[in-house]
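Colleague: Given the structure of chain A, go ahead and fit chain B onto it with the hints provided.
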Amino acid sequence: MSRIRKRIISMFLLLAAAAGSALTLTACHGREGLKPFEIPEEFELSEQYEITFWAKNDTNKTQTAIYEKAIADFEKLYPNITVNLRLYTDYGKIYNDVITNIATNTTPNVCITYPDHIATYLTGLNQVVPLEGLFADETYGLGGSEVRFDSPTQEEIIPQFLEECSFGGHYYAVPYMRSTESCYVNKTYVEALGYTLPETLTWDFIWEVSEVAMAKDADGNFLINGQKVMIPFIYKSTDNMMIQMLKQKGAGYSTDSGELLLFNDTTKDLLYTVAEHAKSGAFSTFKISSYPANFLNAGQCIFAIDSTAGATWMGTNAPLSDISRDKIVEFETEVMEIPQFDPDNPQMISQGPSVCIFNKENPQEVLASWLFVQYLLTNEVQIAYSKTEGYVPVTLKAQESAEYQDYLLRCGEDNAAYYEVKIKAAKLLLDHISNTFVTPVFNGSSSLRDAAGQLIENTVKSVRRGQTIDDAYMEKLYSDTISLYRLDQLNSQTGSLSSGKAELGKLPKTSVILLSSLAGAWVLMILYVTWQMIKKKRNPQ
Amino acid sequence: MKKFTTLLLTFVLALACVSCGSKDGNTKDAADVKSEGVMTYAEYAAAALDTEVVVETYVQAKQSWWDNKATVYTQDKDGAYFLYNMACSEEDYAKLTAGTKIKVTGYKSEWAGEVEITDATFEIMNGSYIAAAEDVTALLGSADLINSQNKFVAFKGMTVEAAGKDANGKDVAFLYSWDGSGQDGDDLYFNASVNGQTYTFTVESYLCDNTTDVYAAVKALNIGDKIDMEGFLYWYEGVNPHITSVTAAK
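Going line by line, the protein sequences match chains A and B.
For the first sequence, counting from 1, position 536 maps to 536 in the working numbering; every step adds exactly one.
For the second sequence, counting from 1, position 172 maps to 172 in the working numbering; every step adds exactly one.
To be clear, the hints were calculated from the coordinates, so they are not data collected in a lab.
Backbone N, C-alpha and C fix where the C-beta goes; we use that ideal spot for every residue, glycine too.
Take every hint as true, because none was put in to throw you off.
When the alpha-carbon atoms are kept at most 25 Å apart in a straight line, the in silico SDA-like pairs for lysine to any residue are as follows:
#1 K108/B x Q467/A
#2 K108/B x E276/A
#3 K461/A x W66/B
#4 K69/A x D406/A
#5 K279/A x T51/B
#6 K103/B x S462/A
#7 K268/A x K461/A
#8 K151/B x A216/B
#9 K476/A x N264/A
#10 K236/A x D119/B
#11 K279/A x D119/B
#12 K61/A x D90/A
#13 K279/A x A47/B
#14 K101/B x E36/B
#15 K69/A x D184/B
#16 K69/A x Q183/B
#17 K35/A x E50/A
#18 K247/A x K268/A
#19 K95/B x N126/B
#20 K228/A x A46/B
#21 K219/B x T62/A
#22 K69/B x D488/A
#23 K236/A x T118/B
#24 K228/A x G238/B
#25 K219/B x R86/A
#26 K151/B x E134/B
#27 K101/B x D78/B
#28 K170/B x T62/A
A few chain A positions that, by computed beta-carbon distances, are all more than 10 Å from chain B:
#29 D150
#30 M214
#31 K236
#32 D256
#33 S434
Only chain A is shown next, with the shape it has when bound in the complex:
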C-alpha cells in the first residue's frame, strides 16, 4: 500500500521583509516588549510550570514517539514542569506560526527552528533568549551542578554546529540534529550505461551520465529502464543546489553583513547549464515533478539529491515508501557526497533543526524551558533521534558513546534500524563535518534562500514551457525574483545581525512630519513662555 507524504506548501513566502516590518512595528509602536531575561538564582521547584514545545518531525512515527518519551522522562525528573508538545512536519509552518504568535505574545516556550528564521524573530524586542549566559551558568548551565540529568558541557557540543547558532554576538539557539545533502545514486544504472562512479561526484559527471540516460527506443521507452518515464537527475531543494554551487565556485551569495550577492554572472552561467539539461528532460526538481525518492525507487531516476534526513525513503529496500511495492525496482544504491566543481575541496551545506527559547514574563518559566532544551541534548534523546534518519548527534558525548558507535558498525544488518543507506548517509556527514558550511544569517536571509531556489525552479519551468532562455530572460528573471521576495526592500527595512542590532531604516514621511510638528509646537511653546518671562521681568507690576 502506498503511503503519502504531504506536499509542502511553501510558507517561506511569508517574506522576512514583510514579517520583519510587522514585528518592528509591534516592537516600536505597540507594547514595550519583554524585559531582557535574567537568570534566576534558584529554580523554584515548589511552583508548577507549563511549557509548550513546537517540534518538527519528518512525518515519522518513531520521531514522534521519541519526543513523547523525552517529555515523559523529563517530567519524571522535574515533576513541577509540564511540557505540551505540538508537532509540525514543515519548518515553514513553524516559522509562520511563530511570527503570528509574536504579534500576540503567545509564542511557544521552546521551538525547533532554523537560524535564518530566528533572525526574523529577533526583530521582536527581547523575544528570543540569548543563551550564552545560560550555557555558562554553574548551577543550571550546560553540565551544571543542579541539573538533574547528565547534560553535555559546552565543550561537548560539536563546535561547528554550535557556531551555526551564533549571530549578532549571541547564541540564540542550540543545535538539535544535523544533516547535509547526499546524492543517492542508482549505481546499477550508472554501470549499465558504461560508467564507473568516481570517488567524488562532479557536476560534469552527473550531467554527462544524465544525458546519456535519455536515449529511447523506437517506441519511446527509455533504453535504460524500458519505461516511459526517466528523469535522470532530480534535486529536492533547489535553494541548497544554487547555494552549494555558488559556494563551490567561490562566487557571491551574501555577506555576513547582509549584502545580497546572489544575482551575479556566475549564477547566470549556472542557470544556463540547468536550462540546457532541463530542456533535454535530464533534470527536474521536487517542486516540478515530485519526491526524488519516488522516482529513484521506481527506476525512473539515477541521481536523487535529498537530505541525509531523507535516507530512509531511498533505495529498493527503503523502510519508508510512497509508491506501491509493485512499482519498486531492484538496484544497488550508492550514497555519495553532492556533486562538486572541485573534488579536492568538497563543500556541502550543514543543515538540520536547532532549538530556540522564547522569552516570557516569568524568568522561572524560561529557566524551565532551558532545562528542557538541555534535556534534548542528552545521549538518550540525541542517539535515539539520530537513528531515525540520516541525522548525526550534535554532541561529541553522543557521537563517541559506545551505543552510537555500535549502531554505526551494524550498518546494513537489517532494513529497519540498521538500514544501510540511512547509516551510510549519517557517516557521510560524520566524515565531512569540516567540509560543511552555512550561509550568513540576517533578517532577510530566509527570503534570499528562497530566491536562490526560485531562480532554478523558474528556469526549469520556463524551459519546459518552450520559452527562450537568453540574457533578456535572465534579466527579467532577476528583476522578477528580486521583486517577488522584496529583496530590494531588505537593506532599508532590516539590518544585519552581525552588529548585534537591527537597523530600523529611515522613518516614514508621515512620522517625520508628525515628529517635526511636535518639535515645532514645543519650540513655539518654549518661545512663548520665555517671551512671557522676559515681558514680566521688564514690566514688574
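Modeller: Frame of chain A; chain B shown alone:
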C-alpha cells in the same frame, strides 16, 4: 408581512434543498457553453503537459489560500480541474464560493500523478454549477478510475478496516498523518474496503480541518462500520481521495 417573509424564505429554502438533492444534484448554468478561445474539457485532457491552457470551470471547494495563492477544486459538466497555487488575492478568494464560474489561464502540469493547472490566473464569470457526486465505487482498483481524476465523487457501502495500530498494539480505525505520527489537526488517514479490496482515504486538513463534520465523523469511526463517502478524487502516486463527507451507509 412577517408571515409573508417567512413563507417566502421557506419556499426559497425548499427550492434550494430540492435543487441540491435532485438526481442531477446541480444548479447548472443555462448555457454552459465555452467562450471563444476557451478549451473544452476534452481539449484540456488532450493537451500536452507544460502547455498553456485556458478553461472555464466552476469552483467546487477551496483547499487553501496563502501568500496570494489559492488551491481550488473545480469542475465543469465534463470533467474536473485542480488549480494549484493559483494567483489570487485574499479578497478574491472570499468570492470563490462553491458554484462560482471562473475563467482560468495557466499551465497544465503533473505532480506525482496529479494533473493540475499551475501558475494560473483567473477571472470571475457569470454562471454557477455545483457537481453532483459521481459514484465511482465500482471503478475502485480499475484503470478507468483515473478518468475521473479530481472530480467530486462518491464511494458507497464500504467497510471500515484497520488503519494501523496504536501505541498498545491495538488496531485503530484512523491515523493522524499517514503513519500515525501526527496529532489532532493533521490529515486523517483511514482504510475502507469493498469487494475484498482495501483502499486508503484521506481527510485533507487544509480542505477539511478539525472543526469540520467530516473530521469528527472519521474520528468516530469504528472498524467494521459500513459507510458512504464523498470527496474529491485527488491523486498522489495513485488514487488518494480527499474525503469531505462520511455517513453511515444507506
